[in-house]
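K.L.:
Those sequence lines, one after another, are chains A and B. With the numbering used here, the residue at position 23 of the first sequence is 321, and numbering never jumps. With the numbering used here, the residue at position 46 of the second sequence is 187, and numbering never jumps.
I should point out that these hints are in silico values taken from the structure, not numbers from a laboratory. Beta carbons are placed, not taken as given, at the ideal position from N, Cα and C, and that holds for glycine. Keep in mind that the hints are not guaranteed to be accurate.
[What the hints assert, rightly or not] Computed spacing ranges between beta-carbons, pair by pair: (1) B/L196 <-> A/E312: 41 to 47 Å; (2) B/P149 <-> A/T406: 26 to 32 Å; (3) B/G213 <-> A/M308: 40 to 46 Å.
[What the hints assert, rightly or not] Take a look, some chain B residues computed to stay more than 10 Å from chain A by CB distance: (4) P149; (5) A161; (6) I167; (7) P202; (8) R205; (9) F206; (10) F207; (11) E226; (12) T253.
[Said to hold, decoys possible] Not close to chain A: a few residues of chain B, all C-beta gaps over 12 Å, as computed: (13) D204; (14) E248; (15) L255.
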Amino acid sequence: DAKTTQPTSMDCAEGRAANLPCNHSTISGNEYVYWYRQIHSQGPQYIIHGLKNNETNEMASLIITEDRKSSTLILPHATLRDTAVYYCIVRTLPGAQKLVFGQGTRLTINP
Amino acid sequence: GAGVSQSPRYKVAKRGQDVALRCDPISGHVSLFWYQQALGQGPEFLTYFQNEAQLDKSGLPSDRFFAERPEGSVSTLKIQRTQQEDSAVYLCASSSGAYTGELFFGEGSRLTVL
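Chain A extracted, bound-state conformation (with noise of 0.2 Å):
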């Protein structure tokens, strides 16, 4: 699976939108784009995936470029509870089952 880079740390205000970029410039044509994101203490939770066009559902949007080289988790209104660390993952499907987590970026919202 592709190598992902995400930077370490971002910060974002409460109420506004957080913009949390992941560049995958190795992707291959069968690689989907996965975000986790993890809250302290707490298990990994799926948001979102997508293989070249953008999605959206209730909690995010992903934008992915059109070489699909990189691409954006958009969370339109974070709040407080935003506040974890956010993987983006490249993954073949239905092959390879397991994900692998990098590093993630942790995200702080703040009041």
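Dock chain B against the given chain A, drawing on the hints supplied.
P.N.:
Frame of chain A; chain B shown alone:
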């Protein structure tokens, strides 16, 4: 229950003791994963089951680590002769194997080896 359940939530062991960590996956989920998460790090893959078959154990750090899922449901991760470096949170996740490939994680078992 509705989610993945792990027990115990906290375990303190003396160096050299054996420990067993239990995972109850979501009912009907065929895939089960174990991860190890050291303090301040992302989760590291340990092993993967599809039903009762252990298909990938490439992440197990040593032969002191053993996992089983004999009936394709509950799984146990056993660590023999624990060492201080085994101190970590052990996460279990399950998946239905459906197209989305979403993994559902438990809250983890925090192991501290003294």
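K.L.:
Each hint should be assessed against the structure and marked as holding or not.
P.N.:
Verification of the supplied hints:
1. B/L196 <-> A/E312: 41 to 47 Å: holds, 44 Å
2. B/P149 <-> A/T406: 26 to 32 Å: holds, 31 Å
3. B/G213 <-> A/M308: 40 to 46 Å: holds, 41 Å
4. P149: At about 15 Å from chain A, B/P149 clears the 10 Å cut-off, so the statement holds.
5. A161: Holds: least Cβ distance 19 Å, greater than 10 Å.
6. I167: holds, 13 Å
7. P202: The claim holds: B/P202 sits with its nearest Cβ about 16 Å from chain A, beyond 10 Å.
8. R205: holds, 21 Å
9. F206: Per Cβ check, B/F206 is outside 10 Å of chain A; nearest 16 Å; holds.
10. F207: Nearest chain A Cβ is 18 Å from B/F207, so the label holds.
11. E226: holds, 19 Å
12. T253: holds, 14 Å
13. D204: For B/D204, whose nearest Cβ neighbour in chain A is about 21 Å away, the distance exceeds 12 Å, so it holds.
14. E248: At about 5 Å from chain A, B/E248 fails to clear the 12 Å cut-off, so the statement is violated.
15. L255: holds, 21 Å
When the structure is compared with the earlier hints, a violation turns up for hint 14 alone.
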